[in-house]
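Visitor: Below, each chain spelled out in residue letters.
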Amino acid sequence: MISAILIFLALAILFGILLGYASVRFKIEGNPVAEQIDNVLPQTQCGQCGFPGCKPYAEALAKGESEVNLCVPGGHEVMIQISEITHREPKEMEAEPENIAQKIVAKIDEDICIGCVHCIKACPVDAILGATKMMHTVIESECTGCEKCIPVCPVDCIAMIPEEVTPQTWGWPEPTPQEAPLIQTFPPKD
Amino acid sequence: MATIPHTSPFTHNASSVRKVMLQVQIAAFPALMTHIYFFGFGITIQWTLAVLTLIIVETALLKLRNRPVAPYIFDLSGLITVTGIVFCIPPESPWWVIVSGVTFALIFGKHLYGGLGYNPFNPAMLGYAFLLISFPAELTQWTLPSEVSGHHISFIESFHLIFTGQSLNLSFDQLTGATPLDEVKTALAMGVPVTTTLNSTNFNGEQIPYGWAWINVAFFIGGLWMLYKRAIRWQYPVGFLGSLALIAYVFHWIDPDTYAPASFHLLTGGIMLAAFFIITDPVTSSTTPLGRFIYAAGIAVLVYVIRNWGAFPDGIAFGILIMNMFVPLIDQYTQPRVVGYRR
Amino acid sequence: MTTTPTRTFKQKLILGLSKLYPMAKRALYRFHGGVFPRYNKELSLSHPLITDFIPKTLVLPLQQHVGVITEPLVTLGDLVLKNQLLANTEKGLAAPIHAPTSGKIVAIEERTLPHASGLSGLSIILESDQKDQAIENSLDVDGSIPEMPDKLKALIHRAGIVGMGGAGFPTFAKIPSQKGQIKYLLINGAECEPFITCDDVLMQTRANDIVQGALIVAQSLGIEHILCGIEDNKGKAIKAMQKAAKDTNVQIKVVVTAYPMGGQTQLTQELTGIELPAHTHAIDVGVLMMNVATFAAIYQAVIHGNPLTSRYVTVSGLGLNHPFNIDARLGSSFKELALLAEPKTPLTYPLIKGGPMMGIEMQSNDVPIIKTTNCILATPPEPMEEPMPCIRCGECMDACPINLLPQQLYWHSRSHEFDKVEELKVFDCIECGCCSFVCPSHIPLVQYYRFAKSEIKHIKQEEATAELAKKRHEFRQERLEREKKEREDRIRAKKEAVKQKAAQKASAETTETEKPKANAAAAAAARAAKARAAKNGKETPPAEPKLSARDRAIAAAKKRTDAASKPTESNTTTPTKKQKDKPKDPKAAAMAAAKKRAAKAAKEKHSTQADATASTETDATDTTDTMKDKRAAAVEAARQKAAEKKRAKQSEQPENDSLETPSVATKPSDETTATPNKASDAKRKAAMAAAKARAKKQQSKTTEEKT
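Chains as they are written, first to last, in our numbering: chain S, 7 to 196; chain E, 329 to 671; chain Y, 780 to 1486.
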């Protein structure tokens, strides 16, 4: 009886020491949750989540003050990642982005632009160049495609256009095992 | 709309899963013949039963899983599984043994994981382990070779034995007995040294168990042919047989009375069957060259351990199933050096 | 100095064994894996080389190499001579393009490129006059060998030579600028792809060019060892090369026929034993390898001053009656050459650029031959065997010349675990196709790797842009914050200044001695504030009141439309090409979508009225056909929007008021369908009624309690 107690006591102490050691030795110097979430967000800064940018949304999520399914450009994948980071139940996306596959960028119809600077103020990443009463233009490489500039334009001269595919940016599609019907075959070794 | 481009290469060496499986099947033929010679036609009845079960179970499961039936039945991978089980069970065991074994192997060993290519455990061994645990009595009653029992079982007799459990003119006990492995083990438990058991009549006085040894030789020949045809990789048999022989040799050298010689270990039970037909199943084994070797050697160690110190006479099924669990780990740590990189 | 193909005893033994067990041949060479496909090289070798074919039109894409696109130096209607420079650029890595024959430039337009995507690129279209008048020595050389690497590089650059084995990397960029950096110069004559014989024929017919080209490079770079690797299935080529290499220090080395012997890593290892380290250039370890065709082109450029305008191309395949090799002008059409080879059946199937192992199926058969095209392959398609699940057999791993784990790469690519795919070194994959070739399950492994590579690149790109966007956004937030603070500071400073002034005035009356001190301080503060304000104003215009800005904008727009309506007409009648190409539908859709979202937001803010304007807005944009209409409509829309905002603001006011009465807050605002004023009236009434009711209830309650 006493020996059993002693054995279990010893075991308990041993495991306690082991666990304590492990918690010190293998401590994860991880990012705070907000930063982790911010890293998986697409950084379009579009504000479709209802927050002024990606970081505020990430912070709200970290505090548990927001839903996991609000990032529209990130879509299902980002939602899953967020729910994994925050250890919350995944939730179905309410609004699916219209065009996930292709990146879209804003383009100003420079003949119509009246130089009102509204879009410049709306742009979350300062990707629009221009000054008052001067024609504006979009720096395509820095546009995130958030569409924030579209509703503020008084003359509707901004359009979202898909980025052009060139032989340099073209990528091989994923093979689809279902449709592999005809292929040129060269008879192999007899 | 651009169509999806077909991709190179536009040529192929004309190998196919079916061809590989067929080669394995053909390689088992000499062993089948030997089996019939020593133990009668029981195995053919078992095999037919197994194939019938296979067709029914596969069709039903493929239908349930909404998969095309024809290409997945004719890939012949199921045939290899049932052949493996058939060779493992006693040829005169009751018909429901093989039927339940095959059914279990296919459902729980293969289809529940997603079918061919997705199963982590060797289906044949899973089925056999299931039988071993569920029906231990039936599975230890091996038909004795005709040379030992003095009676050659005819086809009709086998049929009766399998379906009714009764023999026409001889009692079941006269025809069946323990396998050499079993015998050695029981003898050891009773204090009889291994050397004495091996020199008894059942072993032909040659220290090499009759019948079983020849089947193992037949498997070996079939295995060599598969190696030549590149249906299997050399690392499996070499790693497995090599390690087993080495361990057996060392232990026998230490204590010949307790541990049987290497030749006995290599030629009893399903060693050759395992070495060339079971552990070579690529789906459930390691894929890197070194990994295959480690995998095979690991099974050898487990087989030897189970044979000598375990509760079961043979340890192939459990050895393989245990090593199957280690496959991802082995693969992880045995990746070959990519050209242009230093280790 | 030459070596004859003598075999050692070991090699003989393995060769003998390979008759029994074919895969024993893998022991004959140094690299890992490899396969032995059926070569079918006799098809195109059985017919003579065609040298005098000049097609009617030649299509010359402006980018035939790795790097930046060249710019055309000729214009429509120009008459050009053979070897004349047509396009070049100084903007970066590029190889100039020369006229393959004499003729007229009939167009400079987008044409389908010989690329897997089937996309098109800007090309010069040359109509030949069949006279083939050439500018002799158009590169203006004196036939001497350049002594310094820089001179050789410049000349190779001018000649437009790129790696002709398939990669298309501009050759000059591959050559080091210092002498003595290279130990081994390797000539790649191991044409390992099935069907292709163009290098074989080149070695047979122009062995001297190749050897001399190699000697030129060796001399100007100061290279001691020149090794030429030729596969042992090209007997005639070996003999010709040995003859040409007699009395030179070029060593002809016969290597075993195995695929992919012609890969740079593989042949380098085979010839020198050096394993090229990953992520470094071959020249860093003292190895420079070029294709035989590249050396021949270098010889032509250095000695005769001829730029690269034609190349040997194999036209072969099981669908052709008369396969051949041709000294093809760059820009010749695939289809034209295939037709020249008398196809057995009409060419309704896609042609393949390159060999069957690494070739690429063309989306269109009317694509031009470029500097890297070595083969046109025509074989009627056959049904492919259906892919089965991977059985992890490991054949692919045994065949991989890079010693990758193809089957694990496949698993991870398939499940989109791209980080793992990258960890397994997918970028070291040379896409040789050995793994797919041996796969018993017929899985299109190579396409999975290509897909994974594309995806990883894409993801990295996206990560970079996201990072940039994040930084820019944060920077902007910071700036806005700073501006806000500065504005507040300014206002405070002003207020203080005013206060102080008042105080000073007061104090001036009382004590005059304190005056200058306080005054000076106040002035300084004011000045500082002013300066800061001025600075801010320079950086970004201070935020103006919204309404006034909009009004002004509209006014400006109006003015501009009035003024611009006339001059812009010419603009509208001839829309620029860019505008023409622009897809109209996605634009409209995007606009509509954005507007809808805006409308939705508006709806939530201030009842349904915004909807009406939103719909009129979309209507307006839909009807805009000409620029003039568009602009007018836009201005109209702007005006409506502004008006709408004003109205909305007005309507917000009463709503806010009504919020103060508690009962309204519970009432859904959707019910208010009339104008906001009316609605709020109704709301107020309803609220009052509710309040009254509640009051009554309470009264009755209290009375009840009392009783």
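Since the hints were made in silico from the structure, they are not lab data.
It should be emphasised that the depicted structure is a prediction, and the values quoted were computed from it without experimental measurement.
Hints may be right or wrong, so weigh each one.
Straight-line C-alpha distance at most 25 Å; calculated SDA-like pairs for lysine to any residue [what the hints assert, rightly or not]:
hint	chain 1	residue 1	chain 2	residue 2
1	Y	Lys1236	S	Thr92
2	S	Lys109	Y	Leu1247
3	Y	Lys835	Y	Gln1142
4	S	Lys113	Y	Lys1250
5	Y	Lys1250	S	Thr92
6	Y	Lys962	Y	Glu915
Here are some chain E residues the structure puts well away from chain Y; computed CB gaps all over 12 Å [claimed, not checked]:
hint	residue
7	Val345
8	Met349
9	Tyr365
10	Leu377
11	Pro396
12	Thr431
13	Leu444
14	Phe463
15	Gln469
16	His480
17	Ala517
18	Leu555
19	Phe579
20	Gly619
Yeah, the Cβ is synthetic: ideal placement off N, Cα and C, and Gly gets one too.
Visitor: So, against the hints stated earlier in the document, which numbers end up violated here?
Guide: 1, 6, 7, 8, 11, 13, 18, 20
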